[in-house]
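Chemist: These are the residues of each chain, in order.
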Amino acid sequence: MKKLNEYFGIVELINGPVVKGSNMASFKVNEMVTVGERELIGEVVSLEGDVATVQVYEETEGLRAGEKITSTGNPLSLNLGPGMLGNMFDGIQRPLKKIQEISEIFIPEGIGLLSIDEDMEWETCITAKEEDFLMPGEVYATVQETLSIVHKIMVPPGVKGKIIEIKPNGKYKLRDTVAVLETQSGEKINLTLMQRWPVRRPRPISKRIPIYKPLVTGQRVIDTFFPLAKGGTVGLPGGFGTGKTVTQHQLAKWSDADIIVYIGCGERGNEMTNVLEEFPALIDPRTNRPLMERTILIANTSNMPVAAREASIYTGITMAEYFRDMGYDVAIMADSTSRWAEALREISGRLEEMPAEEGFPAYLPSRLAQFYERAGCVETLNGEEASVTIIGAVSPPGGDFSEPVTENTKRFVSAFLALDKKLAYARHYPAINYLTSYSAYVTMLEEWYRENVAPDMMELRGKMIRLLQEEEKLNEIVQLVGEDVLPNDQALVLEIARTIKKAFLQQNALHKEDTYVTLKKQYKMLIVINALYENALKCVKIGIPISTIRKEEVFEEVIKMKYDVPNDQVELLDALSEKIVTDYEQLRLKYQ
Amino acid sequence: MRKEYLKLEKVEGPLIVLSNIEDVAYDEMANIKLDNGELRKGKVIKIDGSNVVVQVFEGTAGISTHNVSVKFTGEPLTLPLSKEILGRTFNGIGEPMDGAYQIISQDKYNVNGRPINPVARKYPRDFIQTGVSAIDALMTLIRGQKLPIFSGNGIAHNELAVQIVKQAKIEGATNDNFAVVFGAMGVRHDDASYFMRSFEAAGVLDHVVMYLNLADDPITERISTPRCALTAAEYLAFEHDMHVLVILTDMTSYSEALREISSTRGEVPSRKGYPGYLYSDLSTIYERAGMIKGKEGSITLIPILTMPNDDITHPIPDLTGFITEGQIVLNRELNQKGIYPPIAILPSLSRLMKDGIGADYTRDDHADLANQIFSSYSKVQDVRSLAQIIGEDDLGDIDKLFLKFGRAFEEKFVAQSNFENRSIAETLDLGWKILSILPKSELDRLKPEMIEKYYKGKKE
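In order, the protein sequence lines correspond to chains A and B.
Just so we're aligned: 354 in numbering that gives the first Met the number 0 is position 355 of the first sequence, and the numbers increase by one with no gaps anywhere.
Just so we're aligned: 397 in numbering that gives the first Met the number 0 is position 398 of the second sequence, and the numbers increase by one with no gaps anywhere.
Keep in mind that the hints are not guaranteed to be accurate.
With a cut-off of at most 30 Å between alpha-carbon atoms, the simulated DSBU-like pairs for lysine-lysine come out as follows [unchecked claim]: (1) A:K559 - B:K353; (2) A:K159 - A:K172; (3) A:K537 - A:K500; (4) A:K550 - B:K2; (5) A:K559 - B:K399; (6) A:K559 - B:K9; (7) B:K378 - A:K501; (8) B:K9 - B:K432; (9) A:K550 - B:K353; (10) A:K500 - B:K271; (11) A:K550 - B:K452; (12) B:K378 - A:K420; (13) B:K70 - A:K559; (14) B:K432 - A:K420; (15) A:K462 - B:K452; (16) B:K446 - A:K519; (17) A:K421 - B:K70; (18) B:K452 - A:K578; (19) A:K67 - B:K399; (20) A:K511 - A:K540; (21) A:K511 - B:K378; (22) A:K589 - B:K378; (23) B:K403 - A:K501; (24) B:K40 - A:K67; (25) A:K500 - B:K70; (26) A:K421 - B:K271; (27) A:K420 - B:K271; (28) A:K420 - B:K439; (29) A:K472 - B:K403; (30) B:K70 - A:K420.
Hint data in this document are derived by calculation from the structure and do not stem from the laboratory.
Let the sequences and hints guide you as you build the complete structure.
Modeler: Okay, structure coming up:
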């Protein structure tokens, strides 16, 4: 054996993305390392004696036994600072645009660790002054990163002290020192425009606060029926072709979060390309700026190395927490957490760990819990209110929700939007099953809805859900004996339930007026449907046949109202409600 | 001079284990020479200290622990490629099978490829007219898409694939820049020759490159077959700006080969015994389809798989559906009814369709019409199950119309002969004609002005 430097390990075993090295007693678990002559990036996952197991984030083809494993001394960490918004990164925060400059089409291995652009100069506004005593999380500078978002430069967690030197406003690069802090022990710390943070450790907060406001998405079935909350957790399971990705894209486009982190985890390359092409052209209704300015994309497509897929989730959530610490409401979309769980399984299998259910490692539930628990509505170190909302898509094999990832996700999320194959086949989109989905946030948000939308919004919601449930029961009868034998009042329930589905639950993501709907319009639409039901019911009670009631023109108008009434002209819906009342009054008069 | 190793530690299934090996790289190719002079190829699939596991492509029959000499080549499996490959037939590791000369080229390509950078991709938008109504109208194929055919044993998927190849009109493709790459994994000799004859009859044989691994060929070569095919496709599309249509059949045999090798290696199995990395592995095949910014060419991929027991939730169709951009599902019941192509439209889907149809590409009514057909045909299924219980005569008038619509739709719209090449306008007009069986009041997915313009039923 050659004599070795103590900071070098030696590759012994290679099995796909798993590499074992000897002479690695001085390495630490979760430490980032480079493997081999081409310096592939990897992370130490376990140690036994002087043998360490490393998962490699790049293709290991061509690696040889006997090559070196080099320590970096740090855990897998991110550079956090201006330059993230509007960009697309791989699973370990390497900007894909920069990779393209190195290799035109394909992603090669051995390109080393890249991160956000360090040469870019940012127009910086210094907000602290000399002699200020700064606490962790306090802001000392701001950068207008995009026209919609101000990037606040904060003192890293765990650092505090007095400013003894500070630069004036001006243009600075990421690593330029803009302030020097002297801690109480007299140590001098240079503050730049960026900080580093290990991805697997949650960033500290001051305290958690109870959830009380919704994440408004502009999607009727969600906002009205199964509302999401800022700081909440959402599971979005569905087999292939049920519209998970379209739903996630809709949420990324229209939800009223300040920052969106979109993780394409083990999904299609073209979908990420689509986001890149589409988002810059879409305008955020709240800021009138392109949506891309508030969006960060992380792409580990299904054919990229599997270990980086495992890391991509943590990379995304760490970026989200960083923006949360500035006081922003951040929403993170993970599409799909099943691919992440499968990456865990694949690596676990290569590590020859004892498998639990369906080959998944026994630690799957605890990893899922750790991930979802990083969501929350919080008071930041700086005393501001902010939140991270996690929306995790789940891709259950065969659309069977009893598999381990869906089951365990259900345990840790409070809202569950079940996508349904049968609805998708009938092109009922979004194919969110209105009977099996649930949101535990309904009670927490009740007050908010009462104050900010309408006092009876939640009551109307309850009434609509009851009608849908009744329809489901009646359908069982209809399937046996046909619809014609039902008494008129029950036949009316079927008609109204159908109207709820067509006019309210189905929402056309491709339609200009329908892709995003304000809460006010959603409420007014409920009022219209309720008016239709109540007035038609009056007619049924005096014996008018359902076919006559159905023939009224207003029925069609109700179904088309989502297209005909723009968000800024909801008063048209009031007129529609009135029309329903008068039309059916006339109908009753005719019969009496 | 590279070392020759003369002793094997172990021979098991398609794998051989060697010990005391120096300087071998992961995924490196090895030349294995038997004492009777036969040459085989192998690939390093695991390195454990000085022990090396090699997977032998042609199988290990006839190999003993000391009748071979193994020499490592120092590089992964590469294909020499030039435009000369057009019109040629190769085996699963890219060696000529047609008795003609070897391809000699300076340009050698690693068959494993590398992931395409999403930033470099161009989002596919251009409609491909296949002339098959069900596909063009309802699950439109887009240039650069990966759209698999989910079939079953004995269903007419080969005919459909051939018809698509014959009729496909790709935007920008001319006689000079159009190519078909055909990869066969574990298919029968008759199936392979059916494809060959059909390509010949269609006069496209000069544009076809074939990589064949037939049912009785070694399974280890089956793993590299689709990779060779796609490497050739990438070469033609991105180096020579050609529009390439890739047909891969049968992905089920491919996945089974993967399972067989995984089990020989003693790996922890996941669903139905398939390895946990089946998803990642399939994705490294499917994701190679697409278009690149600044490049003229495109790779459109149509993999074919047979669903074991016609079960769409089986891991192979299931995982495929999660990676590909939609699926064309064939149905046994329609096949038995004599309907060709037996496309079950409800579970079928094209994810890229929404961006490649409409006034700019096909016609203004396309999207709404497709939506309406899906919605109405899904209602037909409900009516049919009701009719089975209460009898057709007791159905309401509207329900009877739905039954009529359902039958007409299957027999006139879905069904067509395998020589019939319908233009998109013909297809859409036919769709309207059949939809017009239903009264206007049942067409709730269509805008009034569309109905005004195209509806052919009686005015109410």
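Chemist: Which of the listed hints are broken here?
Modeler: 4, 6, 8, 9, 10, 13, 15, 17, 19, 20, 22, 25 and 30
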